[in-house]
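**Q** Protein sequence lines, in the order shown, are assigned to chains Z and W. What the first sequence shows, in our numbering, is residues 1 to 352, in sequence order. What the second sequence shows, in our numbering, is residues 1 to 352, in sequence order.
What the hints contain is simulated information worked out from the structure, not anything from laboratory work. Incorrect hints may have been included.
Unchecked claim - From chain W, some residues computed to sit far from chain Z (all C-beta separations above 10 Å):
#, residue
1, Asp-181
2, Leu-238
3, Leu-241
4, Ser-244
5, Ala-254
6, Gly-319
As the list claims (entries may be wrong) - In silico contact screen, one side only, chain Z against chain W (beta carbon under 10 Å); selected entries:
#, residue
7, Gly-33
8, Glu-37
9, Val-232
10, Val-236
11, Leu-243
Think of the CB as a built atom: it goes at the ideal place given N, C-alpha and C, for glycine as much as any other residue.
What follows is each chain in one-letter form.
Number of protein chains: 2
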Amino acid sequence: MTFMRFRAEQLADYLRESIQRGELRDPLPATRGWSKELGVGRTTLDEALSNLRREGLVTIVPGRGVRLNPAARAVARRSAGHPRLIRMLYSAHDYPYTLSHLNWVAMLEERLYLHGAHVKLERYSDARWPAILRRSGPGEELFVLCSLSPKRQRLFERSRKPCLIVGQPAPEVSLPFVRCDHEGMMRHATHRLLRRGFARVSFVAARCAAPAIPFMTDVFRSACAEWPRQPVDAQVVLMPLELSAMATAARHFAASITGRHGILVMAPIPVGMIQTAITRYASGAAGQVEFIGLLTTEPDIGVCPLPAHYPAPIERIAGIVANAAIRYFDTGALPTLRKIVGLKLIPESCPD
Amino acid sequence: MTFMRFRAEQLADYLRESIQRGELRDPLPATRGWSKELGVGRTTLDEALSNLRREGLVTIVPGRGVRLNPAARAVARRSAGHPRLIRMLYSAHDYPYTLSHLNWVAMLEERLYLHGAHVKLERYSDARWPAILRRSGPGEELFVLCSLSPKRQRLFERSRKPCLIVGQPAPEVSLPFVRCDHEGMMRHATHRLLRRGFARVSFVAARCAAPAIPFMTDVFRSACAEWPRQPVDAQVVLMPLELSAMATAARHFAASITGRHGILVMAPIPVGMIQTAITRYASGAAGQVEFIGLLTTEPDIGVCPLPAHYPAPIERIAGIVANAAIRYFDTGALPTLRKIVGLKLIPESCPD
């Protein structure tokens, strides 16, 4: 490469950067005055503008001058080679050790690689939330809000930063989202236990601020209340995620179990934690308990034989987020995403 | 910014890139001939060189011309604003669902943010390995090899790409590394079980190609062989990581247990998987078995009460990798890292 590039090409670079920074807007100046202002000849300016036209940044209307195209700013950012970043935000308080699993980040990276985008995983403690929005890089950024609290979701909605929610959106929030079919899964799982004759059922989940928890709790309670054979004793048990506090909560829950009991365990609470606590602290009841794992990833199960469970559809969600991100980076506009991913039950299996 | 200043800045960009690629070296040409060669006016060249001086790339000695500063190449890389990328590679075969945990990636991101570096998680299947080295970006890249097989480690050593190993390096590989004190942990854990009178002990780990597994197996066997009170029945059980195959292996292992038995379970095999299999398939022996978790992250435990375990020192390893990466990006040289991180036993705890 030499520095002897055409002056027109350098001017095109300059104009592209001005568009990208939003300094150059419609209506663009008339070329005669404009070339003087830039200190270049009219031919050079015309040639630079033809380059920008070929890139899809401007339209040249004979006799009426030059106009910026609607997506010009996004296209300019792209041709300027600025980094594209997907910032995945999760809460250090709600997820002290795991979000769901590493492969979902790797899958997202893989799909975005050819589009020049990277995924950045950001774990925020309460004190550090205000810094998120200030910390913006030079390139394009898309925020992915992973199971954030309603308060944080509203904060992002007000900020007008481009973002999408992975998980349940808070009721009053209208950001684009992709989530699992929590309602269908909860109803299906609860009815499965009730059909098998369990009149005492529990829903065990993490005590965290994600809106999915109260939503699933409501579905669970109403599925129990609607059941034709009453009474159904429906219990909701929220547990801390810190390991020793979780073990203490598991022991207390186990001690309350006295007979036939159906238990739905929502990831990231491991099924094994509840099952072993019952074996130890409610040993008489151990054989009379049945488990269903909800939105499990492999390590959350950790019991043998494997219980019936609904695996988290990591791969599908990664695909949907990747497509939305690519569309955003290419057009500058976020699709109005409202995806609900269905879930499949893997039945209990007893290995040979 | 005007177009004329933009032109000088572009020249500075061009010169910076030439320095970075090592094309521009001392002695630099005299500015008169140089500006002609570049096809720019002397004012533009002078302005570009002032920019480089301010960045610490060159020194301008009045009457004696311009000289490159010693660290110019590294500084140029940095100011060129190219992305700095830490590519964390792991094997899709050895780690079908989890590497260790998401927080370690987030911790690394957090520490590298201010240094303009990002972490990219790459999961490779066998067929895709050859593509890794071809797929290089425009910026600086540092590879972090996460528990890769000896074959892959050698591939990287031959490639001379900048990389460091997280985990056990293969015996003949001399790349920089940071690993846990596998030897100390295995000896300590094995002796703990033997001191408690278990004459039958097992080491349960994942069947994967990471060199840590044969290394730990050797330490385990020799710790058993050296024990003063013989015979010691030492068994090594390698299990697949795919969930249902793991459950089958856990059942087979459980069925072989007949009495007092001490079991070391290495993450990512969950302690719960083995414990529940024993409760179910070796119920007579269940009360006579004791577990120790090795290099556990929270989800790998998943049992209540919590067994004695050595937590994976995620935070320390993230710190060491981050510091090595920052030093590499700033100076262009990788430190000769040979770190062995000590591990602490958290004793068994019975929650109230």
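**Q** Now tell me if each hint is right for this structure.
**A** Right, here's what the structure says about each hint:
1. Asp-181: 22 Å, holds
2. Leu-238: 16 Å, holds
3. Leu-241: Non-interface label on Leu-241 (chain W) violated, nearest chain Z Cβ at 8 Å vs cutoff 10 Å.
4. Ser-244: Its Cβ does come within 10 Å of chain Z, the nearest being 6 Å, so this is violated.
5. Ala-254: Given a closest Cβ separation of 7 Å, the condition is violated.
6. Gly-319: The assertion about Gly-319 (chain W) holds, with a minimum of 15 Å to chain Z.
7. Gly-33: This interface hint is violated because 14 Å lies over the 10 Å limit.
8. Glu-37: 9 Å, holds
9. Val-232: This interface hint is violated because 26 Å lies over the 10 Å limit.
10. Val-236: With a minimum Cβ separation of about 19 Å from chain W (threshold 10 Å), the hint on Val-236 (chain Z) is violated.
11. Leu-243: This hint holds: Leu-243 (chain Z) lies near chain W, its Cβ roughly 5 Å from the closest one there, short of 10 Å.
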